[in-house]
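Chains as they are written, first to last, in our numbering: chain A, 1 to 144; chain B, 1 to 285.
Since the hints were made in silico from the structure, they are not lab data.
Virtual Cβ for every residue (Gly too), placed ideally from N, Cα, C.
Careful: at least some of the hints might be erroneous.
Said to hold, decoys possible - Computed list of chain B residues with no C-beta within reach of chain A, every gap over 12 Å:
| id | residue |
| --- | --- |
| 1 | A29 |
| 2 | L52 |
| 3 | I148 |
| 4 | E157 |
| 5 | G208 |
| 6 | D213 |
| 7 | V224 |
| 8 | G281 |
| 9 | R283 |
Said to hold, decoys possible - These stretches of chain B come out as covered by chain A in the derived footprint (C-beta under 8 Å, 3 or more residues):
| id | stretch |
| --- | --- |
| 10 | 184-194 |
| 11 | 228-236 |
For reference, the chains in residue letters:
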Amino acid sequence: MSNRIPIVKVGDVLLVSIQTDLGDDTAIALQEDLSNRIVETGAKGVIIDISALEIVDSFIGRMLSVTASMAHVLDADTVVVGMRPAVAITLAELGLYLEKVRTALNAEMAFDLLARRFAERGEGASADGTGAGEEPLAAAAESA
Amino acid sequence: MVLKTNTGNERMAEFLRAGRERISREWVAAVTKSSKGRISTAETERELLPMLDALIEAARLGADESSNPCFDELRAMLGEYSRTRARNGFSPSETAVAVFALRDTVLSAVGEAGETIPYADFAAFSHLIDDLGLVTFETFAETRERIIANQTEQLLELSTPVVKLWEGVVAVPLVGTLDSARTQVVMESLLTALVSTGSAHAIIDITGVPAVDTQVAQHLLKTVVAARLMGAEVIISGIRPQIAQTIVALGIEFGDIATKASLADALRTTLSRSGFEIRKGDRKA
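Generate coordinates for the entire structure from the input sequences, incorporating the hints supplied.
Listed below in structure tokens is the structure:
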């Protein structure tokens with residue numbers, strides 16, 4: 001319980017900075033905390049900083065994917081930032097492409113990316129939801 | 001002392017020392033001739049005479065195997081000699097002939113001296129020369145292998161520069177065939193450059209890649225995927241017509257990865273993606 005990862009709210013965005021190597025328990029706890037916070041705060045975006053992670057195994061890779069999917073269902077975009085080159089090479093070699101997860105080089109770029117997404121979404125919502133076509137999960141969540 | 005079995009070598013050493021003047025002259029002449037003018041007589045003399053003296057000395061001490069410590073000095077000299085020859089681009093036989101020429105020289109000297117040297121003594125001496133020839137050859141091959149290994153390493157370093165094209169845009173102009181080892185180096189240097197320059201766009205230019213097969217394509221795809229995982233978008237440019245044909249014929253799918261014919265097209269696309277607009281200014285040149 002003591003080693004929970006802090007979730008910081010910055011405007012409409014929740015910022016999660018993972019500073020230690022993630023154990024499976026911590027990862028699952030983070031997933032629960034994050035979904036609770038998204039609902040509580042009504043955040044539209046989540047930024048997960050993994051620049052301190054030297055090892056990302058298939059479990060963490062899947063955790064990131066699942067977290068992103070979960071955030072999508074709660075109508076928030078997830079951006080994973082700061083993946084190290086060595087980690088990226090390993091994931092690519094493993095065939096883990098994290099297709100559902102957006103990525104950015106650093107937190108600043110992630111904020112820019114989310115700002116653009118929010119702007120697009122604002123327009124899409126005022127029109128007829130055409131912007132939802134590119135994110136099947138969010139679209140499914142809306143129609144459900 | 002008298003009962004020692006290797007008196008033959010001592011006899012041989014005595015013979016060599018007596019005929020040193022003549023043998024060394026003929027040996028140097030033969031070796032100089034085999035170098036086809038690349039090495040002067042004086043230089044050959046400087047290299048060979050210490051070796052002959054070391055050989056005589058070792059034989060006098062009664063050594064008959066080249067592995068005997070008495071031959072250490074001679075072996076070191078031969079090693080140095082082979083290394084120099086290997087670095088200067090001599091062929092293996094041009095290098096080994098220096099050792100074997102000594103046997104021919106000694107043989108002709110023995111022939112003229114008549115029956116003073118028993119056949120068995122010369123056979124032992126000949127065996128010794130063979131051993132020394134092998135030492136030469138081994139050192140030669142070893143030196144060449146080291147040269148090749150060094151060059152391979154240098155090629156790897158040379159061939160993968162990452163250049164900055166614009167604020168937030170880096171490019172890797174690939175030259176030469178891509179294999180797994182090179183892809184690894186390219187991938188690492190590209191991804192590191194993405195982080196250090198904070199670039200969200202990268203262009204891999206394959207104009208200098210002679211052929212793209214399924215394996216090379218696989219390597220390229222992996223690099224693109226790794227860059228995407230870090231949050232950068234990659235465009236592959238410089239696809240020549242023949243390569244486009246090969247790619248289609250092989251059924252390689254680049255999926256949603258952008259490919260462009262030229263680096264200029266790729267740069268234009270990248271700039272417009274990052275929100276730049278390029279147009280001609282009003283100012284007349």
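Determine which of the earlier numbered hints do not hold for this structure and return their numbers in increasing order. 7
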